[in-house]
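J.: Same order as they appear, the protein sequences are chains A and B.
Mind the numbering: the first sequence is residues 3 to 261 in the numbering used here, read in order.
Mind the numbering: the second sequence is residues 613 to 769 in the numbering used here, read in order.
There could be a bad hint or two in this list.
Derived, one-sided and incomplete: chain B residues facing chain A with beta-carbon distance under 8 Å [said to hold, decoys possible]: (1) F698; (2) P701; (3) S736; (4) A740; (5) S743; (6) F745; (7) K767.
Source of the hints: derived by calculation from the structure; they are not laboratory data.
Virtual Cβ for every residue (Gly too), placed ideally from N, Cα, C.
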Amino acid sequence: MTIAALDPRTGTALAGLLLSMADDEFVIGFSDSEWTGIAPILEEDVAMSSLAQDELGHARALYELLAGVLGDGRDADALAYDREPEAYRHARLLDHGRGDWATTIARRLLYETADAARLASIGEGWPPLAELVAKIRREERYHVMHVLAWTDRLARAGGDARSRFVAALEALAPDAPTVLAAQEGEAALLEAGILTRPMTSAAASWRAEVAGILGPLGITIALEQAADTARSRSGHSRDFRWLWGELTSVRRSDPGATW
Amino acid sequence: MSAVAAPRVPDADAVRDILRGVVDPEIPTVSIVDLGMVERIEVGPERIEVELLPTFVGCPAQELIRGAVVDALASFGRQAIVGFSFRRPWTSDRITAAGRERLAASGFAPPAEPADVRCPYCTSARVAMDSVFGPTQCRSLFYCRACRQPFEAFKLV
Ligand SMILES: [Zn+2]
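Could you build the full structure based on these sequences and the hints that come with them?
T.: In structure tokens:
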């Protein structure tokens, strides 16, 4: 239960897992929040803002757990905002900017389904994470409902909507598997029951799920096995560097201020 | 806030009574007790501990609610330790029967499967979900075809 009870090897691997999950939620949350005020319809302004708020809330809770594991004096805000862009460990899928509406929906579909497979792989080995994940999974149900409704709408619309959506899925497909790249120290996480299955198994069930959603819509995309975490979660794009500049601008304007 | 006077020797029931005067600013008609957010109350000789469950992980009202609970406990004259935890997930079935009635009376449909949502104004089942996401994280937007009223329904989590 306590952090002290973790052996160093497991602790390091757990910190890596928490950082991957937190950075993923943080980056997609911020990126989706860019739609506030400019979404195609009013309901989507509200929906994207609410989704972004959920994701940022999940990121915050995960950074708080990470702060406890690291115990180096950094709090959740310091972990979220006080790093150089190279130090972020979000998956390459989220290095793609929000693009047009079709790209945003395609990215949400690929990310939400992969994230669901990852959340379903978290075991009872470290109770603080197991408890948080139990809560997060109840909220993600509504995210899935939202993205599946839009997937259907764009794919069945035909014309420009469908062709943009298919093009976006194809453009994102090579990077989509990075969300479920093997974790560093995965053996230790499995041994401790923090993970219940290797990321390769989570990825296999995710690929089957995506095929089950897109197949009936007449869409096929190729999802390969991801490279290891080091390569899947580093070397970030220009789009991300721009986003990083935006999301850290207020924090950097007055370091250490209490807002 | 509450008009209940704090007794000299507080116990868990007295603390709970005081907390009936604390509300979530986004749902001002139902107390945090009726919302099922109060998970644990411990009264010791020197301090009172209260553990709360957030309705949503990213609920932005957490700090406000925590502050309001600390203020409400000040009348007991003991140190108040108030925190949020995920020890158990808050679920919508933790809302009490009284809480559900008050929600409906203020025009909010209590949490239900989307297909089972009823209009809080006329109780009709002829309702349609306009949007999964409403003005706060915890609510969806519906429209009643019977009485032609838009309304908000609590999400089932
Ligand atoms: Zn009605």
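J.: Against each hint, give a clear statement of whether it holds in the structure.
T.: Now the hints, each set against the structure:
Residue-level restraint check for F698 of chain B holds (minimum Cβ-Cβ distance to chain A is 4 Å; threshold 8 Å). Given the 8 Å rule on beta carbons, the hint for P701 of chain B holds: about 4 Å separates it from the nearest Cβ of chain A. A distance limit of 8 Å between C-beta atoms decides the matter here; for S736 of chain B the minimum to chain A is near 22 Å, and the interface restraint is violated. The beta carbon of A740 of chain B comes no nearer than 13 Å to any beta carbon in chain A, farther than 8 Å, and the hint placing it at the interface is violated.
Because the smallest distance between the Cβ of S743 of chain B and any Cβ of chain A comes to about 4 Å, under 8 Å, the interface hint for this residue holds. Given hint, F745 of chain B at the interface with chain A, holds; its Cβ is 4 Å from that chain's nearest Cβ, closer than 8 Å. Checking K767 of chain B against chain A: minimum C-beta separation of about 6 Å stays under 8 Å; hint holds.
When the structure is compared with the earlier hints, violations turn up for hints 3, 4 and for no others.
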